Amino acid sequence: MTHVSLTADKATGPVNTGPAVSIWRSIPIGAWLGVLPFIAFALMFLIVPTLFLVSSAFVDRAGNFTLQNIIDLGTEQVVNAFSISIRISAASAFFGALIGLAMALAIIRGRLPSAIRSTVMTFSGVASNFAGLPLAFAFIATLGRLGLVTVILKTVFGFDLYKSGFNLLSFVGLTLTYLYFQIPLMILIIAPAIDGLKKEWSEAASTLGASRLQFWLYIGLPVLWPNLLGTLSLLFANAFGAIATAYALTGSSLNIVPILLYAQIRGDVLHNPGLGAALALGMIAITAIANVLYIVVRTRAERWLK
Amino acid sequence: MIGRRFWAWVVFGLGAAYFLLPLLATFIFSMQMRRDRLTFDAYLSVFSDERFQSTFSYSLVCAVCAIIVGVAIVLPAAYFVRLRLQWLRPVMEFITLLPLIVPPIILVFGHIKLFNSSSILPLTNSTLGTDVLIVCGYVTLALPYMYRAIDTGLRTIDVQTLTEAATILGADPIRTMVQVIFPNIFVAVLSGAFLTFAIVIGEFVLASLLNRPAFGVYMQNVGANRAYEPSALAIISFALTWGAMGVIQLLDRFAPKTARQA
Numbered sequence: 001m002t003h004v005s006l007t008a009d010k011a012t013g014p015v016n017t018g019p020a021v022s023i024w025r026s027i028p029i030g031a032w033l034g035v036l037p038f039i040a041f042a043l044m045f046l047i048v049p050t051l052f053l054v055s056s057a058f059v060d061r062a063g064n065f066t067l068q069n070i071i072d073l074g075t076e077q078v079v080n081a082f083s084i085s086i087r088i089s090a091a092s093a094f095f096g097a098l099i100g101l102a103m104a105l106a107i108i109r110g111r112l113p114s115a116i117r118s119t120v121m122t123f124s125g126v127a128s129n130f131a132g133l134p135l136a137f138a139f140i141a142t143l144g145r146l147g148l149v150t151v152i153l154k155t156v157f158g159f160d161l162y163k164s165g166f167n168l169l170s171f172v173g174l175t176l177t178y179l180y181f182q183i184p185l186m187i188l189i190i191a192p193a194i195d196g197l198k199k200e201w202s203e204a205a206s207t208l209g210a211s212r213l214q215f216w217l218y219i220g221l222p223v224l225w226p227n228l229l230g231t232l233s234l235l236f237a238n239a240f241g242a243i244a245t246a247y248a249l250t251g252s253s254l255n256i257v258p259i260l261l262y263a264q265i266r267g268d269v270l271h272n273p274g275l276g277a278a279l280a281l282g283m284i285a286i287t288a289i290a291n292v293l294y295i296v297v298r299t300r301a302e303r304w305l306k
Numbered sequence: 307m308i309g310r311r312f313w314a315w316v317v318f319g320l321g322a323a324y325f326l327l328p329l330l331a332t333f334i335f336s337m338q339m340r341r342d343r344l345t346f347d348a349y350l351s352v353f354s355d356e357r358f359q360s361t362f363s364y365s366l367v368c369a370v371c372a373i374i375v376g377v378a379i380v381l382p383a384a385y386f387v388r389l390r391l392q393w394l395r396p397v398m399e400f401i402t403l404l405p406l407i408v409p410p411i412i413l414v415f416g417h418i419k420l421f422n423s424s425s426i427l428p429l430t431n432s433t434l435g436t437d438v439l440i441v442c443g444y445v446t447l448a449l450p451y452m453y454r455a456i457d458t459g460l461r462t463i464d465v466q467t468l469t470e471a472a473t474i475l476g477a478d479p480i481r482t483m484v485q486v487i488f489p490n491i492f493v494a495v496l497s498g499a500f501l502t503f504a505i506v507i508g509e510f511v512l513a514s515l516l517n518r519p520a521f522g523v524y525m526q527n528v529g530a531n532r533a534y535e536p537s538a539l540a541i542i543s544f545a546l547t548w549g550a551m552g553v554i555q556l557l558d559r560f561a562p563k564t565a566r567q568a
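Which chain is which? The protein sequence lines are D and C, in order.
In this text, residue positions in the first sequence follow this note's numbering: the first is 1, and each later residue adds one.
In this text, residue positions in the second sequence follow this note's numbering: the first is 307, and each later residue adds one.
Don't read these hints as lab results, they were simulated from the structure.
Any given hint could be a false lead.
[Unchecked claim] Pulled a few chain C residues facing chain D out of the computed Cβ check, cut under 8 Å:
(1) PHE362
(2) ILE379
(3) HIS417
Small disclaimer: the values here were computed from a predicted structure and weren't measured.
Yeah, the Cβ is synthetic: ideal placement off N, Cα and C, and Gly gets one too.
For reference, chain C alone in the conformation it holds in the complex:
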């Protein structure tokens, strides 16, 4: 009888082939820009493209803004719900689940309808307004991940005791949050931040429909017009995603486990 371990290896081998082959093929493809030899010319071509630099920085700035806004609205809410408004928890869970139910394309469709030039708050009228709108869209997309990351972080510390201690020492709620709670769940906040980054950096639908020069739109453009550069972009994106996820796992390993309640 062929053992369980044999079949496990077979399944694993097939899976590994399916997952590694596209990466390998893409990598080799990306180096075939010159007919006779393998070079990194496609990467050089991408990196030296002025639009690559500008769109990538645009998306990077969007990601940073989305992270800041996301933390600023989620952290106080999650903290006070945990501390005093426990009954609001199901509401929070429901709200943060909605972005998974409402696909991004519908979200941006709603934004365009609600904030168009003839509405009360015509954000799409100006470039700045559209940028604000796209950042808010990204915050919404990342909401489920940001909330879960921060809420998990809050669960590992003793919020009530820390708050009582800070209050006895004379700290007001804002100071408690910024100087006591935030440093204690910094690792969790960071993992939420990197997830937000991973979502925003290659995002296509929002940027495309709001007509903003984001990295995702640039990638789509290159994909439609070039042969080898898209593979290079795919490898770069994979490396970025790997980097973001790797950092999250690393953070998870260094997360303070001593404070965790039983």
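For reference, chain D alone in the conformation it holds in the complex:
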């Protein structure tokens, strides 16, 4: 034993002095050296760039402190962009959560064959990661002006989708497309929570004479509620930051915040670099609120699901 610890001493210095037990007591210099690269990386490529960007929202062209950029966020173009972005994110989060919940309930508590459950969960893992450009291509091929479903509806059923007011490159179209990754994400997050609804609860409720509706109203939903709310905010943030899908679908014709920011970075379309930074600040503020809500609500929800 002594021999081994002596060689360890020579090899590594202060970290491993003495018998193994004492590595818990000595000053953790080695441990700090292990964490340091991570902290340095996070500072250099995540925290400092973001703070630098945010701070430049408060600087005018001459380098003086100003609040003008924040005030300029009130111009019509920017307000419109935020309004459309928020509405699309909210709609896709709301319907994504609703449909995702229905599907999760169906596969977990609907007495469907268990093979269906595992298939849906696997597919959800894939579909929730299937975003960006390919998703846009898929929906253009399906519901675009020359998309397969559009054409079949027209030639076989005589129904002209686009004459009826539908347009893939619009609010409804984009929301419908976003649902393709929102619903699976909801299923993935809410499934464990539904699993957490114990069988004994519904048994106890029905023993006491509660109907299924009463069970959901007084037990099921109140227990799931924090989770639903939390997931809703996560889905919102998820849609709010997305750009590639919208960009590929609509080019720059749909005025949402990420696309406006993209155009600003490429060519200063707002004719004010500070306003671009203010735009970024606005985006961070909104996704941060949504995420903080998610974390707060989630920690509350976990108390029930242990």
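Given chain D, put chain C in place with the hints provided.
Frame of chain D, contents of chain C only:
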């Protein structure tokens, strides 16, 4: 009364239709390049495109670099936090959550502002510098997934006992990490790696704003100029995503559960 199972089937059926129809439609669309019959010509056209090959390899190299850098910085940090710096855990959790709060477009905007040609560290001045920057950007985007994968892996093994054993046998911390801890959580590291791959391979915003010839930029270009090739690319991407996720699930099934603590 119509049973619960009936409604479950209805919901499942509608959901399946919504999710499978676009895939089916895209697949059929991708084979309609020739007017009179279904062919795989769109795929041939994509695969034989020289830009497809070059951009795909570029993104592949970026993904591999991002995985290596990601593991190299996350593994030691997660290991030592678990072993000795438990109080740092909330800080780590917060940092690894940030990339989910800060959208990619803002991250790259910050990178461009901070590392532009007139800054202290002008990475965007040279091609190599920009490549370094884009890889670091990808590492940042994948940070939440990499950290969670590795941390979950560390939770399933007894880090403290393994470290004590390795130390008693004379291993220094680096050797303990590389030869004892790493092999034990290899499966978890791999799942983090495949998630990183799935994120990087089709990424568009970073590559586009940093002007690098990545696969995502190529896809956008094809999408804007061609009719049938985009559908073929969508199917290829879906297959890639499916492959990456499938491997992760498979790994999960083979993950060592015996070492898991109660």
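Hint by hint, here is what the structure shows:
1. PHE362: violated, 13 Å
2. ILE379: C:ILE379 check passes; min Cβ-Cβ to chain D is 5 Å, inside 8 Å.
3. HIS417: holds, 5 Å
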